[in-house]
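Going down the list, the sequences are from chains A and B. Following this note's numbering, the numbering of the first sequence begins with 1 at its first residue and continues without gaps. Following this note's numbering, the numbering of the second sequence begins with 1001 at its first residue and continues without gaps.
Everything labelled a hint here was simulated from the structure, so no lab data went into it.
Taking lysine to aspartate or glutamate and the EDC-like style, the derived pairs with C-alpha atoms no more than 20 Å apart in a straight line are:
hint, chain 1, residue 1, chain 2, residue 2
1, B, K1136, B, E1218
2, B, K1058, B, D1178
3, B, K1136, B, E1216
4, A, K288, B, E1216
5, A, K375, A, D136
6, B, K1310, A, D231
7, B, K1310, A, D330
8, B, K1310, B, D1267
9, B, K1310, B, D1059
What follows is the residue order along each chain.
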Amino acid sequence: MSDRLAGRPGPQAAAVPGGVGAQAPAEDGLRDAGQDTGQHTGQHTGQHTGQDSAEGRRMAAPDTRTSEPVAAGGAVQHTAGTAKVLAVPKGRTGAARLLLGRDAVMIYVLLVVVIYACLVIPRFASPVTVGFLLLDVIPTLLIALPMTLVIISGEIDLSVASIAGLTSALMGVLWQAGVPIALVLVICLLAGLAAGAFNGVLIAYLGLPSLAVTIGTLALFRGLALVVIGDNAVANFPPALTAFFTSKIGGTGIPTVMIGVVLLILAFAVVLHFTPFGRGLFALGYSKEAATFVGIDVARSKFLLYLATGTVSALAGIYWTLRYSSARSDNASGLELAVIAAVLLGGVSIFGGKGSIPGVLAGVLLIGTINYALKLDRVSEVVLIIVTGSLLILSVVAPTITDALRRARHARRVRSAPLS
Amino acid sequence: MSLDSRHAAPAQPAAHPTSSPLGSFLRLRELPVILALVLLVAVTAAINPLFLSEQGVKDLLLNATILMILAVGQTLVIITRNIDLSVGSILGLVAFGTGSVFVAAPGLPIILVFLIGIAFGAVLGAVNGLLITIAKVPALVITLGTLYIFRGINNAWAGGTQYFAGDRPEAFGNLSVDTVLGFPVITLIAVVVVAIVAVYMLGTRPGRDLYAIGSEPEAAKLFGIPVTRRVLLAFVVNGALAGLAGVLYASRFNSVGATTGSGLELDVVAAAVVGGVAIFGGSGTVVGAAIGALLLTTITSALTALRVDKFWQQAIVGILILAAVVIDRIAGVRAARKLRIAEARNV
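Generate the whole structure from the sequences, applying the supplied hints.
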């Protein structure tokens, strides 16, 4: 278990839910119970009063996590200052929590990269850049939204790109068969919903491991796409529709479809951060048993998530088809790993329980911007994946290193402190 | 020892009170995949006798060889409750490296080229292993990262260059053509590798440790197993085997370039899962994974021989993986129930 804990970035945890957690006391306590290892480090006296109440809740929720020896070290200190600071929450609070958290750092990095690219790379700061950059990242951005929720709840979905491919193939075949385009779109969305439901039943209700199941459906849905459309490609979609999908809002260069994407982002952000359902997903990712005990319907939550993933993947498939105005069975292949890389870079823990929509947005846009900037700078596209990979590894290794340093410093301080 | 390791479901007690030879055979984790393979071959051969002709069998084995070696390596990693998604990229790098070595030093003995390839793969595997064990970060994330990095290095290194079979000595290419007792040489290499690793996993201390780590890392640590070293070992061996597969790839296929082996990683994991290796570690055998790989590649050939639309092939592979997962789950539930009943009796 401590392997799992050590893998979680420590103090950043407090900042990840973006301060929203304070509004939901019950789940906050639950989260605290799981976070204490990180919280003890680097914080000083009196912090443990808040901890004690979390300790009490932990007895109710059968959380298997154990306090580390660091906790004992801190407890020696806290006896002195308990009375003074009674109700101070642990970790960073308020503005500091918002401005120094993992999400904020991602957004700063994104801003620095954008400003640097604007200054150094000729032709970067232009509406054309904005347009193509956004058009390129939209599929990743779309799928990253439900993927964030799925990974936060402690599961994974590798079949997303195959669902997009399947919808693309369906779209081509139905359109060629003379079905009206509106009906085609509806059928495609329903197909995505059905594909998601298939995953959902296997994972949520039969309790099969999501990694294995979605590797299977990755092959299955891509295979069905091949069965549906074979080697063919359908390209003659209505010009008005394909033109709409590449059109821009006025002279800003922002694609018109971004309006829909932004609405979807807002919807997912609200669901994840401001509804009991969304807050429950964090609890679910930390401990399924504890989530069950506080009254979260684990199976239903997971099932709904896979429905969302399937439907949004279908949307991404439709977008892909109309943007490139080509329906093929291999559309969007390999996108699943790119999406997961972006989501993890955005600060979502692969073990679940941690992450946020703003962080993921920054992650997706960061990868998109760096790739686009380097492409403009004539770096070969195929070499660019080194950047994606390095960023991903750096983003998970860096917190571990800083955490280890902080722990070492804390241990030194505890040892050298006079025993008054 | 050898009995309970075969059906090493995590919940199974060490010495099952009711294990008879027949019972333990029926509980073999590999049994479903063996049955599926036998059934597939039998049905296909009955409909199209050419399927089991000498050439047909040779093609079957040749196609399975590389996936088999990769699946064996992946099994070691999965058993320790980790995963390595970068194997396709390692294979690509080593395959291209092999092509380059032959062009740079045409006179080099073939055995030396093999050793270089294996060592190269082991180094790449060690990069994964060190990142995972020292930084204590999940393997899925790290190897997803190195999947991109290794592939990017391969792209930067190769650019548009491709090495063709003509660039390599004929003796090297003949490894995939010549047969001994009807078996292609590279398949024999794969079989030897499977046998060595299988014995290692069954009968040696480090091999058994890998199962213990995958069943319950915390308990393994308390028991005194050097978890970090063993996990590192699994990743290094997996890298070395991916390196070997890379060299064999260069022998078997005409061209190696920037995209060699891309997308292979999920096939490899699928082969292991189909072969009865539980995705959350602690159970499964390398023999099962090798048979899983053989089954996956055989399906492709069988569908061609049966004149089934080739487009169905991937969908069937998907269904197969799901079936394997469901079977594994049922076996797990049954084992848990048996354990509960046994415990109730012992009170």
